[in-house]
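J.: Chain by chain, the residues:
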Amino acid sequence: MRIPPPLELFIRSIIGRAYPRVIGANRELSWLIPETVLPLLGLAAYVYVYRAMKAPTEFVGYVVLGGAMTAYWLNILWSMASQFYWEKETANLQLYIMAPVSPMAILLGMGIGGLVASTIRAGAVIIVGSLLFGVTYQVSSLGLVLLVFFLSMVALYGMGMLLASLFLLSGREAYNLSNALQEPVYLFSGFYFPVKSLGFWAAAVASIIPLTLGLDAMRQLMFPGDPTLGFLSPWVECGILLLLCPIFIYLSKVALKKMERAARIKGTLSLRWQ
Amino acid sequence: MAVSFEVPRRGSTLKEIWIQFKQASRLGWLIESNWADPFVFAVYSLIRPLSTALILVFMYLVVVRGSTSNPFFVHLYIGNAFFMYAGRVMMGISYAIIDDREHYEMLKYIYISPLKIFVFLLGRGVAQVITTTVSVLVILLLGLWPLGIRIPWSFLNWPLFLISFPLGIIAIAFMGYLIAGLALVMARHSWAIAEGVGAVLYVVSGAIFPIDVLPSWVQAISRAIPLTYWLELLRRSLLGSSFSPSFNTMPDWELFLWLVGLTVFFGFLGYFVFQRMNIVARRKGLIDQTSGY
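If you read the protein sequences in the order shown, they are chains A and B.
Using the working numbering, count along the first sequence one by one with no gaps and you end on 274.
Using the working numbering, count along the second sequence one by one with no gaps and you end on 293.
Be aware that a few hints might be false.
[Said to hold, decoys possible] Quick partial rundown of chain A residues pointing at chain B, CB under 10 Å, derived from the structure:
no., residue
1, 41
2, 48
3, 54
4, 63
5, 96
6, 100
7, 179
8, 190
[To be verified] Not close to chain A: a few residues of chain B, all C-beta gaps over 10 Å, as computed:
no., residue
9, 19
10, 39
11, 48
12, 159
13, 199
14, 210
15, 213
16, 217
If you are wondering where the hints come from, they were derived from the structure by calculation, not from laboratory data.
Virtual Cβ for every residue (Gly too), placed ideally from N, Cα, C.
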């Protein structure tokens with residue numbers, strides 16, 4: 001049996017873990033309905049709040065864009081951060097650890113697979129939400145929008161890998177932590193309102209979550225209605241995101257190594273219903 | 001963790017059901033809370049509802065840039081706080097089926113224990129009522145003190161509040177049974193139904209905006225669910241006024257009658273759907289199915 005060189009093994013592991021994510025997500029297409037309808041319902045409530053307050057029309061666009069981005073945050077929480085917990089519950093985690101592959105490659109595969117699946121869902125939310133609520137976009141620089149989106153996703157999935165490694169030791173609390181992190185991030189990242197309204201320092205601290213800056217920059221580039229609502233200039237936000245990408249990936253690598261060792265010592269890798 | 005329970009003796013049916021209910025509530029509380037120490041659990045219970053409330057606060061402030069004592073904001077804030085019962089109690093009852101069947105694989109053991117499944121689910125709901133009450137109180141206090149919401153104390157209508165509040169909780173519980181019944185016979189999409197119904201109710205019940213801004217066909221749905229009337233009655237009892245202009249002309253007793261009627265309707269519907277699906281699930285051998293979802 002040929003043992004592939006480390007890089008080839010790493011890449012094949014990524015593809016191997018991404019494959020079930022992409023194929024699995026598209027095999028059961030009926031999932032697309034709840035996964036599109038649920039965020040739409042959530043954002044519909046906020047759209048009607050803005051309409052009841054007679055807010056400027058771009059706020060509806062903010063909500064639709066924020067609602068679409070929830071697909072990525074939910075993917076990070078439930079399919080990255082707490083994934084090792086689910087794998088533990090289904091007795092797969094021990095198999096991952098035993099296999100001669102890097103856990104980093106498994107996480108990257110999960111991230112890439114999850115990104116593809118989430119993009120389909122986010123796209124569906126944007127299309128349906130925009131049509132339902134009559135959102136119009138005025139994109140000033142498509143290239144910059146795509147760059148901001150790309151950098152946000154790299155940093156965000158790097159953060160997801162970091163969370164996954166931190167959750168490696170967790171039992172039932174992983175599920176509850178994911179549950180508890182959902183809405184606070186909607187709040188601090190300004191999913192449904194411009195993050196600037198949190199105040200400068202709160203928004204600055206919230207910028208550690210890549211979606212905060214990503215969303216703010218994309219809103220400024222897609223809805224140039226009121227320039228005073230933006231937190232920082234899109235170029236500055238782009239630069240910070242560029243910095244966050246390697247930081248999160250490096251931290252996740254270090255944390256994964258430490259947490260895996262701690263889990264081996266504590267013997268929690270195969271512990272179910274903890 | 002070893003948990004000991006009082007074993008009901010055969011005798012009075014009511015006494016037996018009461019003991020089962022107490023045990024189910026205690027079990028529900030332990031399942032909800034024993035994964036963390038009390039402080040972490042308290043933070044966990046509060047962080048999510050507080051964040052949702054603060055999202056609405058910032059949405060209001062960024063658009064209106066006005067005082068939080070504005071009646072629109074006060075109605076929105078109060079409605080959002082009390083809607084938490086709908087989300088959590090309904091989900092507590094229905095999600096117990098999904099959790100205990102798919103995740104902990106304990107549902108079959110509940111069925112073979114002396115505990116009645118209907119009473120067991122009620123216990124899970126009670127645990128949610130307790131934690132939600134704490135969250136609602138904290139959110140109301142946050143509204144009163146740092147946010148400066150003004151409640152016109154002279155208008156407080158305690159009798160109306162005290163008869164409307166439990167009735168709404170009963171309606172919510174029966175809606176939970178309705179979803180729990182569907183969850184019993186569904187494998188993959190049961191969680192989506194549970195979450196979907198909660199999300200639909202958040203929109204159509206007018207929890208955070210007057211239902212008048214909804215399209216007319218959605219308003220018709222709003223008027224067919226007990227939560228709309230429940231939230232309206234709670235607002236009237238606490239604030240002395242309506243959120244939705246279309247309810248302005250409706251007297252309290254008419255709103256209350258709607259709430260009673262719809263609670264009875266959903267009570268029958270929830271009970272019969274749950275019992276019917278319970279039989280179907282047992283016949284088809286679905287009680288111990290695990291689908292990996």
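J.: Beyond 10 Å from chain A, beta-carbon-wise, is residue 217 (chain B)?
T.: Fine: 14 Å to the nearest Cβ keeps residue 217 (chain B) off the interface.
J.: Compute the least Cβ-Cβ separation between residue 199 (chain B) and chain A, then decide whether it is above 10 Å.
T.: At roughly 4 Å from the nearest Cβ of chain A, residue 199 (chain B) sits no farther out than 10 Å, so the non-interface label is violated.
J.: Just checking, residue 210 (chain B) versus chain A, shortest CB gap more than 10 Å?
T.: The claim is violated: residue 210 (chain B) sits with its nearest Cβ about 6 Å from chain A, within 10 Å.
J.: A cut-off of 10 Å on Cβ-Cβ distance, and residue 39 (chain B) was said to be off the interface with chain A. Does that hold?
T.: 13 Å, holds
J.: Tell me if the interface restraint on residue 179 (chain A) is satisfied: Cβ within less than 10 Å of some Cβ in chain B.
T.: 7 Å, holds
J.: Is residue 19 (chain B) truly not at the interface, in the sense that its beta carbon sits beyond 10 Å from all beta carbons of chain A?
T.: 27 Å, holds
J.: Just to be careful: measuring from the Cβ of residue 63 (chain A) to every Cβ in chain B, is the smallest value less than 10 Å?
T.: Hint on residue 63 (chain A): holds, closest Cβ of chain B at ~9 Å, below 10 Å.
J.: Interface hint check: residue 48 (chain A), Cβ to nearest Cβ on chain B, cutoff 10 Å. Holds or violated?
T.: 5 Å, holds
J.: Are residue 190 (chain A) and chain B close enough, Cβ to Cβ, to be under 10 Å, as the hint says?
T.: 8 Å, holds
J.: Non-interface claim for residue 159 (chain B): all C-beta distances to chain A beyond 10 Å?
T.: The claim holds: residue 159 (chain B) sits with its nearest Cβ about 30 Å from chain A, beyond 10 Å.
J.: Find the nearest Cβ of chain A to the Cβ of residue 48 (chain B) and say whether that gap is larger than 10 Å.
T.: Given a closest Cβ separation of 5 Å, the condition is violated.
J.: Can we keep the residue 96 (chain A) interface hint, with Cβ of chain B closer than 10 Å?
T.: 16 Å, violated
Hint compliance for this structure: hints 5, 6, 11, 13, 14, 15 are not met, and every other hint is.
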